[in-house]
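Enquirer: Chain E is already provided as a structure; the job is to place chain Z on it using the hints.
2 protein chains.
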Amino acid sequence: MDLKTFIKDVPDYPKAGIVFKDITPLLADKAAFNFAINQFAEKFSGQNVDAVVGIDARGFLLAAPVAYKLGAGLAIARKSGKLPRQCLRQDYILEYASNSLEMHADAILPGQKILIIDDVLATGGTMEATGKLVQKMGGDIVGIGFLMELKFLQGREKLKNYNIYSLLSYSK
Amino acid sequence: MDLKTFIKDVPDYPKAGIVFKDITPLLADKAAFNFAINQFAEKFSGQNVDAVVGIDARGFLLAAPVAYKLGAGLAIARKSGKLPRQCLRQDYILEYASNSLEMHADAILPGQKILIIDDVLATGGTMEATGKLVQKMGGDIVGIGFLMELKFLQGREKLKNYNIYSLLSYSK
Numbered sequence: 000m001d002l003k004t005f006i007k008d009v010p011d012y013p014k015a016g017i018v019f020k021d022i023t024p025l026l027a028d029k030a031a032f033n034f035a036i037n038q039f040a041e042k043f044s045g046q047n048v049d050a051v052v053g054i055d056a057r058g059f060l061l062a063a064p065v066a067y068k069l070g071a072g073l074a075i076a077r078k079s080g081k082l083p084r085q086c087l088r089q090d091y092i093l094e095y096a097s098n099s100l101e102m103h104a105d106a107i108l109p110g111q112k113i114l115i116i117d118d119v120l121a122t123g124g125t126m127e128a129t130g131k132l133v134q135k136m137g138g139d140i141v142g143i144g145f146l147m148e149l150k151f152l153q154g155r156e157k158l159k160n161y162n163i164y165s166l167l168s169y170s171k
Numbered sequence: 000m001d002l003k004t005f006i007k008d009v010p011d012y013p014k015a016g017i018v019f020k021d022i023t024p025l026l027a028d029k030a031a032f033n034f035a036i037n038q039f040a041e042k043f044s045g046q047n048v049d050a051v052v053g054i055d056a057r058g059f060l061l062a063a064p065v066a067y068k069l070g071a072g073l074a075i076a077r078k079s080g081k082l083p084r085q086c087l088r089q090d091y092i093l094e095y096a097s098n099s100l101e102m103h104a105d106a107i108l109p110g111q112k113i114l115i116i117d118d119v120l121a122t123g124g125t126m127e128a129t130g131k132l133v134q135k136m137g138g139d140i141v142g143i144g145f146l147m148e149l150k151f152l153q154g155r156e157k158l159k160n161y162n163i164y165s166l167l168s169y170s171k
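Protein chains in written order, with my numbering: chain E, 0 to 171; chain Z, 0 to 171.
Don't take each hint at face value.
You can't tell identical chains apart in this list, so a pair holds if it fits in one copy or across any two.
What the hints assert, rightly or not - Straight-line alpha carbon distances no greater than 30 Å define the calculated DSSO-like cross-link-like pairs of lysine-lysine that follow:
no.: 1; residue 1: K81; residue 2: K3
no.: 2; residue 1: K131; residue 2: K78
no.: 3; residue 1: K157; residue 2: K14
no.: 4; residue 1: K159; residue 2: K135
no.: 5; residue 1: K157; residue 2: K81
Worth flagging that the hints you see were computed from the coordinates, not collected in a lab. Here the structure is a predicted model, which means the values were calculated and not measured.
Only chain E is shown next, with the shape it has when bound in the complex (with noise of 0.2 Å):
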């Protein structure tokens, strides 16, 4: 199945210049978006995955599915002020800002084998900063998969240390 038939590009979103690939209609198709889920968790099937962490937002909708799929727990990563518990907490640079991300102090334990979700492999620095945060509770990163990559975006390099899995990448 062609997932790319089903991202949908929207032009000047969200700045003039920028070609922003909606995942929306992906998602929509039934047929679609169980074969998306299926890739994933075939891929890191031998992995023994204990647990599928999300990032806030579009992430937790494959992540919450791959976790389901393996019969892994799912742990998340959100933007700062959104967890109710004591948390970690990573900062990383955006383009023209900084950001931060939090995830419950105890959403992974020591040992366990972590696979991480995202919908979109960019720059890198969320996928880079979820995997500090892992790192820090002791969890073992086993994988990192993303819908898709933005090949001239060169996220990759700050992943290097990673099993990485893309769905579908673009190279322009």
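Expert: Okay, now just chain Z, sitting in the frame of chain E:
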């Protein structure tokens, strides 16, 4: 399985006097997470659901795996300004303020059988607003589901016309 044992009370969050019910320990436990998703799926498996709507952001964590399990598509209702294409918008009243939700104008096709999932039924305003958006697009809402219902807030009163299913119920 008694799912309530996986819900953690957080006193005085987000403000003094409120006891927040944290669902993240339930998500993190592979057996509890799997059981919860299966409960939703079994409840609605006879309804020929075409698409499950998840509400931003914790609702995504449940709606996405339920959609996957049912073999349905996944649509999303988001806080204002988060979706890239033409949207329908619905304002709703919170305790001391108003808020709004948006869905892409093509997220639901007329006649589609729709299940809406969120984490918590509190006053019911968020679900009511989402229901209105789905109905504007001609969706046929066959059910609405919550992981937990806070009965003392009487949100059910706003949702009388719906087939409501809550996995957990709290009377105080």
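Enquirer: Against the structure shown, which of the earlier numbered hints fail to hold, in ascending order?
Expert: none
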